[in-house]
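Each residue of the sequence shown is one higher than the one before, starting from 6 at the first, in the working numbering.
Because the hints were derived from the structure by calculation, they are not lab data. Computed from a prediction, not measured in an experiment: that's the story for all the values here. Please note that a few of the clues may not be correct.
[Unchecked claim] Within a straight-line C-alpha distance of at most 20 Å, the following computed EDC-like cross-link-like pairs (lysine to aspartate or glutamate) qualify:
{"#": "1", "residue 1": "Lys31", "residue 2": "Glu11"}
{"#": "2", "residue 1": "Lys41", "residue 2": "Glu28"}
{"#": "3", "residue 1": "Lys41", "residue 2": "Asp92"}
[As the list claims (entries may be wrong)] The calculated label-pair distances, taken between Cβ atoms and stated as ranges, are:
{"#": "4", "residue 1": "Glu87", "residue 2": "Pro57", "range": "28 to 34 Å"}
{"#": "5", "residue 1": "Lys31", "residue 2": "Asp92", "range": "32 to 38 Å"}
{"#": "6", "residue 1": "Gln55", "residue 2": "Glu87", "range": "34 to 40 Å"}
{"#": "7", "residue 1": "Asp92", "residue 2": "Ile32", "range": "19 to 25 Å"}
{"#": "8", "residue 1": "Met98", "residue 2": "Ser24", "range": "34 to 40 Å"}
{"#": "9", "residue 1": "Val52", "residue 2": "Leu77", "range": "33 to 39 Å"}
Glycine included, each C-beta is placed from N, C-alpha and C at the ideal position.
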Amino acid sequence: PTTPWEYVWHGVAQWMGVSDDEEISKILPNADNFRKCDMFTDGDLFVDGQTPSYDCASMDSDNDGVMNDADLCPDTPAMYVEAGLVDASGCAMSSPPSLSQAPTVSRAPT
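Given only the sequences and the hints, what does the whole structure look like? Please build it.
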């Protein structure tokens with residue numbers, strides 16, 4: 006199968022009344038490893054489902070400040086985002102500083 010079980014169980018959990026993201030994470034601990042906008046909702050799976058499909062275009066799945074519909078690099082690593090090294094297309098601009106580039110600290114004379 007090409008569809009992860011978490012996608013389906015997400016919609017089933019909503020249909021059974023679990024709608025809070027924190028509660029979903031307890032029931033489906035691996036769900037955070039997948040893009041939320043790809044998850045099925047109860048509205049996708051059941052006629053009487055209450056939650057509409059997620060609008061992936063208006064989401065920023067990798068939190069880099071670029072919406073998914075314009076993001077050329079949809080899985081920008083968090084270390085680039087946290088360092089502010091993301092360009093307008095959502096891609097990493099340069100490599101994050103390494104330990105070899107860290108400033109040298111000298112000891113005070115004793």
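Here is what the structure says about each hint:
{"no.": "1", "hint": "Lys31 <-> Glu11", "result": "12 Å, holds"}
{"no.": "2", "hint": "Lys41 <-> Glu28", "result": "14 Å, holds"}
{"no.": "3", "hint": "Lys41 <-> Asp92", "result": "23 Å, violated"}
{"no.": "4", "hint": "Glu87 <-> Pro57: 28 to 34 Å", "result": "32 Å, holds"}
{"no.": "5", "hint": "Lys31 <-> Asp92: 32 to 38 Å", "result": "36 Å, holds"}
{"no.": "6", "hint": "Gln55 <-> Glu87: 34 to 40 Å", "result": "36 Å, holds"}
{"no.": "7", "hint": "Asp92 <-> Ile32: 19 to 25 Å", "result": "37 Å, violated"}
{"no.": "8", "hint": "Met98 <-> Ser24: 34 to 40 Å", "result": "38 Å, holds"}
{"no.": "9", "hint": "Val52 <-> Leu77: 33 to 39 Å", "result": "37 Å, holds"}
Comparing the model with each earlier hint shows violations of hints 3, 7; every other hint is respected.
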